[in-house]
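Asker: Model the full structure from these sequences, guided by the hints.
Protein chains: 2
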Amino acid sequence: MAVYTEVDDQALSAFLELYDIGGLLSFKGIAEGVENSNYLLHTDAGSYILTLYEKRTNVEDLPFFLGLMNHLAAQDFPCPTPILQKSGNMLGSLAGRPAAIVSFLEGIWPRKPQPKHCGELGAGLARMHITGRDFDLTRQNALSVSGWRPLYNTCNGRADDVIAGLAQEIEKELDFFDANWPSDLPSGVIHADLFPDNVFFVQNKLSGFIDFYFACNDALVYDLAICLNAWCFEYDGAFNISKARAMLQSYTRIRPLNVQELAALPIMARGSALRFLLTRTYDWINTPEGALVRPKDPKECLTQMRFHQDVTSPAAYGLDV
Amino acid sequence: MAVYTEVDDQALSAFLELYDIGGLLSFKGIAEGVENSNYLLHTDAGSYILTLYEKRTNVEDLPFFLGLMNHLAAQDFPCPTPILQKSGNMLGSLAGRPAAIVSFLEGIWPRKPQPKHCGELGAGLARMHITGRDFDLTRQNALSVSGWRPLYNTCNGRADDVIAGLAQEIEKELDFFDANWPSDLPSGVIHADLFPDNVFFVQNKLSGFIDFYFACNDALVYDLAICLNAWCFEYDGAFNISKARAMLQSYTRIRPLNVQELAALPIMARGSALRFLLTRTYDWINTPEGALVRPKDPKECLTQMRFHQDVTSPAAYGLDV
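If you read the sequences in order, they're chains A and B.
Numbering-wise, the first sequence is residues 1422 to 1742 according to this note's numbering.
Numbering-wise, the second sequence is residues 1422 to 1742 according to this note's numbering.
Take these hints with a grain of salt, some might be off.
Identical copies carry no separate label here, and so any pair may be met within one copy or between two of them.
[To be verified] As a list, the in silico EDC-like pairs of lysine to aspartate or glutamate whose alpha-carbon atoms are at most 16 Å apart:
#1 Lys1533 <-> Glu1592
#2 Lys1720 <-> Glu1655
#3 Lys1537 <-> Asp1582
#4 Lys1507 <-> Glu1438
#5 Lys1717 <-> Asp1557
#6 Lys1626 <-> Asp1430
#7 Lys1533 <-> Glu1427
#8 Lys1476 <-> Glu1427
#9 Lys1533 <-> Asp1429
Calculated from the structure, these hints are not laboratory results.
Answerer: The structure is reproduced here in structure tokens:
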């Protein structure tokens, strides 16, 4: 849960005068997102989310993130729309932080995703990939294969403090990916962080995606691989092929995977597991005791990575190939 | 900020079926209240607050608190209204906690209250006292004069760890109140915790009171004295007589104080300062480092208590007497 920056009511009212969304009726700090401070606003015109970008967000990336949401929403892809100031700006400043207001997206993220949610997600992801095609800004994926070794190095050899033997296992994987990571896959804008808490449903129908603050340009199938890990493993680490099949089938019905993408799915999923293993290991090492936000468990990523190491065909994910 | 209990989306959807407020559109844990977990819900029928009562709330008191809100709201006093289940119950159970849903009250609490806010508050408080007259449940004030010495004793002689010399100062006050606390004042239902974060405004007009979880029966003027301390001292400890005058004048225009109440105002204010000094001292001693909720500073209550010790007439608060 996260409200890092307290907002003064008078400063917020003054900030809202820059917009054309009526007067402020209420605002509540909400326990959502771990990087930034979020408030739910009610104004005369409706409900909105106010985000104050905290120090882990690179301000230079905000035009990409906000521009992408604006681009997608303008083409009826369901996601929050940045509200423009009367001046036309999407980004302002409040309480000493870069700040933006986006439309409020109704919906609930599923605490226990079912195959039907995975099917909805797959179709939504394919639509997002297609809708993102003609977005004209680009942002390199800082957390793709070339970023993993530098990220690992910032753990300062302390990976074994988290899980015994982890350092050696990670190093072996890094070497493997350096030699084998595919580079010729169809690429475009990916969300790159579509965990269940970023995907909303109303009555089990997808109502939209939120939190585009890791979005970037990369292989489209890598986004799908992230979802495979984030949605299709049970709490006990077991892979649920029904969920994976539902997700992949509904994705490919809208955007078919080519031969290279199909072949790359296992290594993509294995790489995605390493990517989250690395950031979680880093957070685990660097989160002080008693911190407001409890770091996520790196172990589940390790289990997933090991699972994908043994996969030789995308058939293991429920695809008919 | 406070979300102590995580709510599962499916359990919440099932819980909402007990009510007649439509389907769930969204729910967000909000950073409001320090005792209980609060969620802002959007349903087909509108906005609501879901509260899960955590262990510091005595379940036996909930019919009083919820009944009072229901009584006040039914007479158009602006406060959240408990939503009845189809069965007629106000109180249910969710995630292993007693739980209730109340209507969402629009409004913003003023971070820097002005005299105009104090005037609105005074009028609202008088209205609440009048509207509460015919509420038929009663609840003793556990934090009134007879509760202070037991509360102080739970600090186990550690008051001096918080502020040097505090123990002796508190003990002197306890003796003074034992001998001088008035017992013949008009009494009724009081809110007992009307700090600025419990009083909402829309465009500087009172939109209502929230958080009735300290409400009880006690001297009405004691409630006013609590507000005097909570609203009329500046951050530097200075008493702002303009704010006090605005509050007291607008209160007495609606509910005049009798001679005994006027005379009692200084000792009531002094006692209210001690009451919050004691609970804050207790919390200060008993809050572990790095806790989610930072304890409030007891020092400001001490400053207020000392101020009222020197007051001999309610004229010091801006009243023409």
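Asker: Does each hint fit the structure? Answer for all of them.
Answerer: Consistency of the hints with the structure:
In this assembly of identical chains, Lys1533 and Glu1592 lie within 16 Å of each other by CA distance neither inside one copy nor across copies; the values are 33 Å within and 55 Å between. In the homo-oligomer, the alpha carbons of Lys1720 and Glu1655 lie at most 16 Å apart inside one protomer (13 Å), although the nearest pairing across protomers, at 51 Å, exceeds that limit. Taking the shortest alpha-carbon separations for Lys1537 and Asp1582, neither the intra-copy value of 39 Å nor the inter-copy value of 58 Å comes in at or below 16 Å. Taking the closest pair of Cα atoms, Lys1507 and Glu1438 come within 16 Å of each other only inside a single copy of the chain (9 Å); across copies the shortest separation is 42 Å, beyond that limit.
Within a single copy, Lys1717 and Asp1557 get their C-alpha atoms no closer than 34 Å, and across copies no closer than 50 Å, so neither meets the 16 Å cut-off. Proximity of Lys1626 to Asp1430 under the C-alpha cut-off of 16 Å is restricted to the inter-copy arrangement: shortest distance 14 Å between copies versus 36 Å within a copy. For the homomeric pair Lys1533 and Glu1427, the shortest alpha-carbon distance between copies (13 Å) is at most 16 Å, but the shortest distance inside one copy (32 Å) is not. Within a single copy, Lys1476 and Glu1427 get their C-alpha atoms as close as 15 Å, which meets the 16 Å cut-off; across copies the closest is 27 Å, which misses it.
Taking identical chains as interchangeable, the C-alpha atoms of Lys1533 and Asp1429 lie at most 16 Å apart only when they sit on different chains, with a minimum of 8 Å there against 37 Å within one chain.
Hint compliance for this structure: hints 1, 3, 5 are not met, and every other hint is.
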